[in-house]
Each structure stands twice: as C-alpha cells, then as structure tokens.
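Chains A and B, in that order, are what the protein sequence lines are. This note's numbering puts the first sequence at residues 1 to 381. This note's numbering puts the second sequence at residues 382 to 536.
Possibly wrong hints are sitting among the right ones.
Said to hold, decoys possible - If you only want the chain B side, here are some residues facing chain A, beta carbon under 10 Å, derived:
1. 436
2. 437
3. 462
4. 498
These are computed hints drawn from the structure, not numbers from a lab. What you are looking at is a predicted structure, and each value in this text was computed from that prediction instead of being measured. Where a beta carbon is used, it is the ideal one built from N, C-alpha and C, also for glycine.
Spelled out from the first residue to the last, the chains are:
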Amino acid sequence: MDRAAIIGVGMTKIEKSKVRETFADMAWEAVNKALADAGMSIDDIDNVVTTSSDFWDGRTISCMAVGDASGAADKNTSCVEGDGTYGAFYGYTRALSGSYKTTLVTGHSKGSQCISSLITNASFDPICERGLGMDMITACAMQANAYMNRTGLRPEDMAMVSVKNHGNALKNPMAQLPMNITVSDVIKSEMIADPLHKLDCSPVSDGCCAVIIAHESVATKFKQKPVWIRGLSLCTDSFFFGDRDLARSNALVEAAKNAYKMAGIKDPKKEIDIVELYDAFTYQELLWLEEMGLADYGKAAKLLEAGEFNINGPLPVNPSGGLLSGHPVIAAGLYRIAEVVMQLRGDAGEHQVKKAKTGIAHGVNGLCGQSHCVWILDKER
Amino acid sequence: MADQFQGIEPMVYQSKINVPYSWWAGDTATRFFVALRDEKKIIATKCGACGKVFMPPRKTCPLCFTANTEWVDVSDEGTVLTFSVARRQLAAIPQDRKVPVIWGLIKLDGADTAILHYLDEVKPEDVIIGMRVKAVFSETRKGTIRDISHFKPVK
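Bound conformation, chain A alone (with noise of 0.2 Å):
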C-alpha cells in the first residue's frame, strides 16, 4: 500500500472569543501558517477539504464558506462535516487516490459565537428524544455515571485529569485555559450535571486548524520532516444511548484495534511514546485510553495517579492540555494530529516530550464518542 506523511500544521490560538476574527479570517492564519511550515506555496497544493458544521457556524454549506481564505480557489475542494480527524481521514484517502499528490485539510469552530446547549441538543433524535432538553453536558454526564458505577470510579480520580492536563497548558501558548490547579478547586467548582463539575468539562473555544497532506512521492520533494501515517481507523456505535453500552466503547475499542493492525503494533502500550485525545470531559481520557488499551480497564485512574501519563512520565497523555484547555468543536480532532506532529519533529518547545517516536491522535463525532478516529503517526518511514 502507498504511504503518506502529514508535511505541515498550522494552529490559531484557541481562545474563548475570537471577536476580532471571522471564520474565514482564522483560516487564513491557520492555512498560512501550515504553509509556511511546511515550507510550500498555495500552487504547491492540489486540492483542499475543509470541516465544520452548519449547526455551530449558524449557516448553510459552512464548509465552503471557508474556502477562498483556504486558497481553495479553482481547486478541487470537498467538505466534511464532523470532527477535524474525518476531514483528514478524507484528506488521506485523496492524496492515496492516485488523482492528488497534496491535500490541505483545514477544521474550523467558532463556540463563542452560539448557544452550545442548544446546538448539541439538536443532534438528538428529532422525534423520540430532542423534546426532552439533553445536551452534550447532560449526555455526558450519563455517560460518566455508567462508567463510574462500572469501575468504581471517584469524582476526585476524574479531577486528577483536568489537573493535569490545564497544568500542561501552562507550557503550551496555544492553549486556551493553562491553569495551576488542585483536585479540590475542581470539585468545590459549579456542579453543572452530576458528576460534572465545571472543572470537569472542557470550556467553549474558538480556532482553526490546517494540515498537510502528502503522497509519499512528494513527501520530502518540500523543507520539512514528513510526519509519516502508519495507521488509521475510523469506527462508529449505535446512534441511540439505549443500543449502546454507555460505560464503553465499542466503537473506539475497533477503531484502535484497526489503527494497530495496519500500523504493525502489536503491544500498544509499550510501541506507543505519546497520545493527544479527545477530552471533552475529564472521564474521557480515562475511558478513551482503556478502550485504546492504553491501560486496562477500569484502571486508568490509577496509573493516572501514579504520573504514568504526566508530560514527563512514561506515557505523555495530552501534554498539550488536550480539550480541556480549549475545545474548538470540530477543529478539536484536527489539533490532537497536529500536536502530535509537533511532538514527533521535536517542535513541540516547551510542552515537548522526551521520546516520541510513535504518537497516537484521537477524535470524536457524536454524543458521547458515538464515533471515534485513531491515528498512528510516526517520526519514521
């Protein structure tokens, strides 16, 4: 099979309200930076998939909304509607395809400009549930309990998250929210939705994100080191909770199992150096690693605790600061790959990790990780 290699990132700030900023005025910083970094020019590029939704940019056809700022212009452009990591899969897809050399992927979210409770509440069921008033932070919250009352976890082993990770904030200047904090200041924090405590959940963000993506024949023809994809995988559950069993998943557990196969790994959790995943709430990370095999499961937490995932520790778990300092929706996934291309080219600077060889990038669609996308991205061919 051919290869390809992520060959340039570029990330706006995330910040709790661009004002100053539209749409498309994040994208042309996002874009031209990943130029830049990748040490080509907008005609280097052959075709450009943008992501995003309509529902969070308060329009119709929002994808393309973005495209002239993304020097989309007479190219072949495609839209994907979902997390960054589905427009890159698809970004992938192309430049293996045969008819593309070089794909520019870009994921952009604006929170601060609508009503996030209303915006997740219209991805429920219109007719059997929408009625009812959930949103992500109630949905999640269930999805916290189940797994809580499975593994006989506590509310102050999911702070243990949001400490560590706004601590690793503090070393990296794109972060949204870097905050020296303790496990008691997130649990005296506003209880949103049992067992959510404010702390627990990531905050309302805006950013962009672009990547490059390059067939292996032109991987190193440009300036930088090509970040090479070994393995990748995208895997979706059951659309309704009540199909699902909420204290897993499935979907991950697949999907993860997918990226290894076709990466050649045969014991993550040793081959693996670092992981930027989805954290939109504390739980997450604990239950997204055991269901990557990260940890077992039920027992992340303790590893957790014991520093096993710290920026220093064996295994780096969002030593950027992952969702929890800033979760721009959508451009979320799309940031996860490019911290971690960072982290495997040793540019990482301040939150770099020791060793990074083998890095896994994470994303999510969907309520409660209906849907999730794993990457295996490695500093060699």
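Take the given structure of chain A and dock chain B to it, following the hints.
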C-alpha cells in the same frame, strides 16, 4: 500594522438561525405515539431474525440489517441503566422544567434497548443505577414522547 481595534469595540452582528422545520415521524414512530396517546400503552418493534426488541421502536434492526416486522407490548416498568442530573438551567432544558432536572436511560421490561426520559417524584440524591421505575402518563396527550410525563420510582 497598527491595532485597528484600539479604543473601539469590535463590531458584532446579532442575529439568529430560526428556520421552521417539520419532521415526518414515519409509520413506525406514528404507531408508537398513537399507542401512547390513545391507549397509554408502550409498544416496540421486534427483529424477526435476532429477536431483539427495540425502544424507541424503529423500522430496521441495525445488527441484522433486516426490516423489523413484528410489534410487541412492553411493560411500563423498567430499570434505570444510568442517569444524569442538570444543576444549571442549561439552554436546551424546556421552560416547564426547572433544575434539578433528572434524565434516565430506562430499560423497560420486555425491551432489549433503553429509552431516554425524565425521572421525577424522586430526589436527585436518591436516584441510583438499577432502581426500578414506572411510567407516569401525561393528562393531556398529543402524540409525542412527552405523552409520558416522566418515570417515577416503583414503591
């Protein structure tokens, strides 16, 4: 470049997306809602291949990828699989519901999958996973999911 926003507020354009929309319920949900409204009965579809009973009812079995052909009655009592309690009056919560609002994922006896609905007549701190609950029907029923008012603990 000089900061063009110095001393001035960036302009923010206030608007809303508000587009009327009708969802055709389809024959499966229609039958489910008519039974709720007219008979205070909860009915579900059953897969002819694997025998799974689906709540809310749907036309096809996602596992077998076959059409569900049979309708069965399920109980108005069931078990809470998990739950959630809103403490903040989040924007999505209907105006007639004041916090704390409790939602449960409820597996009705006779069904294989669970539905979302309100839990009420119970304090949030008394709700536990595994508790038994029973449907309370609304006085006025209009053929919607809220024809069930909520589920309450089985005494």
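To see whether the hints hold, each was checked on the structure:
For residue 436 of chain B, the interface hint holds, the least distance from its beta-carbon to any beta-carbon of chain A being 6 Å, beneath 10 Å. Residue-level restraint check for residue 437 of chain B holds (minimum Cβ-Cβ distance to chain A is 4 Å; threshold 10 Å). The interface hint given for residue 462 of chain B holds, since its Cβ lies 7 Å from the closest Cβ of chain A, which is under the 10 Å cut-off. Given the 10 Å rule on beta carbons, the hint for residue 498 of chain B holds: about 7 Å separates it from the nearest Cβ of chain A.
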